[in-house]
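J.: The residues making up each chain are set out below.
Number of protein chains: 2
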Amino acid sequence: MAEKKWVYLFNEVEAAEKAAGDWEGVRALLGGKGAGLADMTRAGVPVPPGFTVTTEACNAYLAQGGKFPPGMWEQELAALKEVEKQTGKKFGDPSNPLLVSCRSGAKFSMPGMMDTVLNIGLTDKTAEGMIQKTGDARFVYDSYRRLVEMFGSVVLGIPDEAFEEPLAEYKARKGYKTDTDMTAEDWKAITEEFKAVVKKYKGFDFPQDPYEQLRLATEAVFKSWNGKRAVDYRNAAGIAHDLGTAVNIVTMVFGNMGWNSGTGVAFTRDPSTGEKKLYGDYLLNAQGEDVVAGIRNTEKIEKLSEQLPEAYREFLQITEKLERHYREMQDVEFTIENGKLWMLQTRAGKRTAKAAVKIAVDMANEGLITKEEAVLRVSPEQVDTLLHPQFDPKAMEEAKSSGKHYAKGVNASPGAAVGQVYFDANTAEKMAKEEKQSVIMVRPFTKPDDVHGMLAAKGILTSEGGATSHAAVVARQFGVPCVVGASEIRIDLEKRQMEANGVVVKEGEWISVDGTTGNVFLGKIPTTAPKLEEQTDLLTLLQWADEICATPGIRQGWPDRGLQVWANADYPADARRARAYGAVGIGLCRTEHMFFETERLPIVQRMILAETSEERSAALNELLPYQRNDFEGLFEAMDGYPVIIRLIDPPLHEFMPDEEKLLEEVITMRVKGETEGLAEKEALLASIRAMHESNPMMGLRGVRLSIYMPEIVEMQVRAIFEAAANQTLKGIVVKPEVMIPLTGTVKELEWIQPRLERIAKAVMDEKGVIFYYKFGTMIEIPRAAVTAEEIARVAEFFSFGTNDLTQMTFGYSRDDAERNFLVKYVEEGILPQNPFQTLDREGVGRLMSMAVQEGRKARPDLEVGICGEHGGDPSSIEFCHLVGNNYVSCSPFRVPIARLAAAHSALKHRVGEAAKVVEDK
Amino acid sequence: MAEKKWVYLFNEVEAAEKAAGDWEGVRALLGGKGAGLADMTRAGVPVPPGFTVTTEACNAYLAQGGKFPPGMWEQELAALKEVEKQTGKKFGDPSNPLLVSCRSGAKFSMPGMMDTVLNIGLTDKTAEGMIQKTGDARFVYDSYRRLVEMFGSVVLGIPDEAFEEPLAEYKARKGYKTDTDMTAEDWKAITEEFKAVVKKYKGFDFPQDPYEQLRLATEAVFKSWNGKRAVDYRNAAGIAHDLGTAVNIVTMVFGNMGWNSGTGVAFTRDPSTGEKKLYGDYLLNAQGEDVVAGIRNTEKIEKLSEQLPEAYREFLQITEKLERHYREMQDVEFTIENGKLWMLQTRAGKRTAKAAVKIAVDMANEGLITKEEAVLRVSPEQVDTLLHPQFDPKAMEEAKSSGKHYAKGVNASPGAAVGQVYFDANTAEKMAKEEKQSVIMVRPFTKPDDVHGMLAAKGILTSEGGATSHAAVVARQFGVPCVVGASEIRIDLEKRQMEANGVVVKEGEWISVDGTTGNVFLGKIPTTAPKLEEQTDLLTLLQWADEICATPGIRQGWPDRGLQVWANADYPADARRARAYGAVGIGLCRTEHMFFETERLPIVQRMILAETSEERSAALNELLPYQRNDFEGLFEAMDGYPVIIRLIDPPLHEFMPDEEKLLEEVITMRVKGETEGLAEKEALLASIRAMHESNPMMGLRGVRLSIYMPEIVEMQVRAIFEAAANQTLKGIVVKPEVMIPLTGTVKELEWIQPRLERIAKAVMDEKGVIFYYKFGTMIEIPRAAVTAEEIARVAEFFSFGTNDLTQMTFGYSRDDAERNFLVKYVEEGILPQNPFQTLDREGVGRLMSMAVQEGRKARPDLEVGICGEHGGDPSSIEFCHLVGNNYVSCSPFRVPIARLAAAHSALKHRVGEAAKVVEDK
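Note that the protein sequences, when read in sequence, are chains C and H. Residue 1 is where the first sequence starts when you use our numbering, and the numbers rise one by one after that. Residue 1 is where the second sequence starts when you use our numbering, and the numbers rise one by one after that.
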């Protein structure tokens, strides 16, 4: 029987494959690094020769209490002989010494394992030989002292300080500031000092036998597998303890051996634009450190074609090969030693969002990767940065260094905004609309009746509130850049100015607000504003994403396709933007937003305060045409696509004037003895007070309000169906879906839905048309999730209102929680993240999962969506995919992000073998 | 093969049992009524002879499209012959006619089935014979016309009016007012008129063949099984449509056949006291109707021993036998015909709560029933009425008829209260404490800072709010009679008076408030105030109830015993009452109630407003001795029993002065230009405003507050453990359990619990004692229920806070919901009941069930309780039993009710065969 093979040369990858069965086995046998070096070698890439001692050898060593298994050391020596042949150098030969590095390499990259030891093979004798050969004594002694230091600390376990202190003292004695001041003689002296350290700590001399160096280094790697840090890491990461680590022995190469040597780094494509051309720098007669340190000016990689044309040609071929081999843009390190090119490392290169998109699309078009892989190569966050205006990075740096940085808050809604400061919604709107100014609206915090100002503004800045405050939510919804909670800023609404760190900004002055980073600057910073329709690569990628989601069978069960992406849109303009961004439905139209408009609000208030049903009807009849008109616009924009319209949701007092302000007025008038208009104000105050609720979030709203006062929703349903009928008659394909909010028990639906369906049918009869429609409900009350089976017997669709569902499942009032304890909770790790931004899968998610499963028991093809803010968050989108949603609905601005996230979810969790490909990534 | 048996004589019950297999089968075969009559006959009770045509005959008749099955009619005739033999009378024989009644009787009592037809067998000829025999023509013609009328309407389907109108006309013609004016001749004439009605409507004569009468009546009963009302009822009640109905033919007996005849009703025990003695009335020479109508004065049943001693002796024997047979106090009807006693009906007798308890205990002591049956014979509601003071029913009636009824509201907390009216908490408390007055506190509604007045009052009356308003909840908690939402009343706090229906009641005037019925009276109504310790029968019954719950194995799984009953108690006095009422633990001590006391509140406010941690510590150090002292009292009262102490729960602003009132003061001062003290008030207002929350129920409270400001709970835990240690040193056995409220994620517990446990251990070290303790949590947030497995890894016990859990599962703010929509929801059937009174099993209950199951996955012996108000509600207690709770905790006043309800639950759902016994009931 043949002896067990413990050692594989880099060029023996086929043998390793045979022994290990498959590539997964090779990675287990040789470790990740060893497998990678062998793989490059096989691909014909010039990798410095070397070999790997297997993980099995490590395990055998440890199992036998620290003894090399029989034959291993002999195989290692034989492999070294082979490397000597391949390099033409000889280990320990002073005339042409072979130097090697020794590196650990387990199957999974793992901190806590032994670091690299470089320059193994250097001894007093070989050092002299090297000097002879290179003529560079400084280089050789620098290398030698590094070996002694690394070997001492890493292999022999001598504390780092034992080496650092004598060096520091030496430099102090000489008056040197940096290592570059050190001469050959200095490094030689240090080498001697380091050797003395070894003797002092270990009682024996630094080994002058290179084989002894090699043996000890190999053992040190093996032992480090059971070091405390490595064991702790494996416990934490759930990695098995019996994998063992491999040992890689690699020939040292040097780029500083003269002017036909050199070293450099390069990307196979432009990492900032994605353009397909080599991009990098190099230096001749230099070491890797020199390129990084920036002591000498590097050359552009193209220049190498003039300086070392042959090496350059080879480099071009190799990088192309590597990119093809790894099917990914590569970031490579190389060294040229005496004209001979060596590749030292290759890995996937970092890139900008723009480059990521272009590279992914180009590579798919080149046939290098599939469309699916292209889609997976771009993250939703990268798409996000591509869609919001950004400040020019250089200009931002300049502003910082020139003292124009004003304050920092929470980056609530990404994008860059430049404008003039205004301190209230009315002025902001007026300045934007009448004066056509760019406006930044600045408030301590915002409220629903500030929305008109916020919509008119280019950016929003608040001194209070967190990432889910009203300002933040509205800003994200409408894609307005926004910074909240900039607590350094003191706003003085009476003086119409703000102050931070002693700098006062008056109303009308210019500032720049960066919603992406949370920074606020004085004055104007130039921005770049990308447009989706111009980003053809992104459009292509998103189309591929949609195709993936539309693939039948990509998901198990029903629906068997991926998620669709719909948008939340209240106005026709929103709907048009949603379509342009690729939404294939409206998941939420909030009808009450229409009530807040200036000309309508007084009618709404009249309706609310009506004392007779005639008065109420009259007011509702006035509102009907407004609503119908809004809906007509929506249906037109969404021709052929479903439009979910939610019936009135908020409590009525939200439409009324502020109670406290009115109270102040009344008290003031009383104390002053002013009587004119007092009675009316008192009556209004009394009415508003009667509506007061101690916890309005959980009070008379949603379907409860509809049952309490059905006239409003009856009007709304009439408006919806009249609009739909009118548009049908014009040839538009309408698909209205009426959504009832805040359902907690099926009995609520049983009470209200038939009343509303009668109206729907009546309108269709009146108009003589028939069209598709549905009645459904939001699932936003925990009880609705728990009793979803019953509810689905009546409701034709579900839409998760995860904002409220999160509030009630956690028992958090969002406004209060974010102001009070949520920040601390996230800081202290009590919550992994703000559950209003990223779905809480364990709690809220479990209720969602129950609701979908139970709901589909009653109605197997139940349409399920989400219209909470989570609909635009990639992690939450993934969860919606897993739960079995049909679609997610989000702000129009987040539709592209959601489309990509939906495709990622579909691919990551696709049925069958494809799953494996993705996991490997 | 023998012919199928379709007809069973009452004395053939053994044959029926043989055919049907068991008693259940007999009831199915003969119907409930037939089985009962046969059962009495077998027991030797003189039941008028008769027989039953089986339900199978009915089904066969219907299946064959309205044909008697072969042999049935012949069997009916044969049975009739047997009855003739038993009675010595002959059907259709003018000289001694047998008359019978015909009654339907399905397995389950069922409205919509055919009514009774009496006097079948009367014809022109037999009527004459009857007159000859009885000499009472009026009686005979009255009976005859009744037969024609009943037969006509019930059997022949002629409308009732067809008979009612001619009779009314006749009486009008004669100038008669009532039927008693009718003479024999009159009834004879009416009989003729009725016969003409039959001829007119049906085209044939009223059958003069008694067998024809019998045949048609039998068919009519069969057909009525498929009548619309019967089918509808079966659909609604979920009764199978293939059961069929039986037909009972019973010999008529008459108590008006002379002075050795008579009729009466009696109870086997006194239905108002429960005393074991016959209790009833009778009349000689009279019909049942005469006893009920009260035309003649009835005699006490004892008198019968003088008038008809033999019949009386037999009656005594029979009633005793019936009670023994049915093992229950019986309500019987009897008739004596010519000295011969006949029992016409026996059924369980209705009784007062007091009688129910005495009868149950007596019967168990007599060996008639088991203790378990005794416990089941008394309902928790009956116990409730025994424990609250009640108005004397007669006095209440008199008050109503003399115009002293003042208003009616919601019966929020049972019991009767008489006192002088005061309109605010301070005055109410002062009058009660200093002037020793009986006080009724009257407010539009109450708030937490009214509690001291409410506790001092004998009764509470509000004009607003519902059954779970603050007033109602507090009143129930403390057992104070309370009527809320008496909306007729207008309270004028400035004039110190109230007005309802024009009647003004000024402060200090007397009223009587009936929390049991919701009625309010002017003046004083006498009350009766029972004491538990004097109700020895009830104490016995409750002890039996406790024994049942303590039976090992009575429940499957863990715990295998029934529920324990603990009490919610904040003060030592509450705890002592809880013990007296039989609580074996404190399930909830609300530490914050201690903060509201007059001398402590300023310290609490100082603590809240502290700007430095030194200030806060100083205030907390002042509070510590108060809390320790309270806890010492609790531990002493609960020596040997567990005491669950909940750490601070409400948001801090609840301890602060009213924001709006302060705002008014500040504005007034500003407008008037008053500056003295303004700055302090403004600062205080600003502090309170900073604490304002839009939905305080879901804000900074519970464990969130403890994490935000740990100093308070640290002080509380120190106070708890110092108190426990001090009492341990005195020889008291303490079992403190520290409860953390409002947990939503296990991370909250992981953050706070170790900090608190360190304090607990430190105190025990300081004092040098060791005692049992636990740390646990409330489950009142939906997310906690959903993630209970994780939470139970840290929490050592769960206590369901079903008030909050209901709020959040439904998304109802209780205060707002009850005022706004909850009443309508219950009225409209959207909710079956107020979920704050009776647990919503489908929604909230499902979360509870999940929580127990998941929690015990992590901690199999997890102690689970409930401390919400539902802990005192019988239906909710049953659900807690089913879910696997260890105990329920409720107001001390409801402990006896809960003990009984717990035993009922245990018996109703006990493991194994015993379950059947209970179902039969």
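Honestly, the hints are just simulated from the structure, not real lab data. Note that this is a predicted model, so its numbers are computed, not measured. You may find that some hints are simply not true.
The calculated lysine-lysine pairs, modelled on BS3-like cross-linking and capped at a C-alpha distance of 30 Å, are [unchecked claim]:
(1) 672/C <-> 199/H
(2) 681/C <-> 354/H
(3) 447/H <-> 436/H
(4) 340/C <-> 354/C
(5) 350/C <-> 394/C
(6) 202/H <-> 174/H
(7) 661/C <-> 761/H
(8) 730/H <-> 681/H
(9) 747/H <-> 672/C
(10) 661/C <-> 436/H
(11) 447/C <-> 495/C
(12) 681/H <-> 228/C
(13) 447/C <-> 681/H
J.: All hints, please: hold or fail.
T.: Hints, one by one, checked against the model:
| no. | hint | verdict |
| --- | --- | --- |
| 1 | 672/C <-> 199/H | violated, 91 Å |
| 2 | 681/C <-> 354/H | violated, 58 Å |
| 3 | 447/H <-> 436/H | holds, 24 Å |
| 4 | 340/C <-> 354/C | violated, 36 Å |
| 5 | 350/C <-> 394/C | holds, 20 Å |
| 6 | 202/H <-> 174/H | holds, 28 Å |
| 7 | 661/C <-> 761/H | violated, 52 Å |
| 8 | 730/H <-> 681/H | violated, 48 Å |
| 9 | 747/H <-> 672/C | violated, 55 Å |
| 10 | 661/C <-> 436/H | violated, 45 Å |
| 11 | 447/C <-> 495/C | holds, 21 Å |
| 12 | 681/H <-> 228/C | violated, 62 Å |
| 13 | 447/C <-> 681/H | holds, 27 Å |
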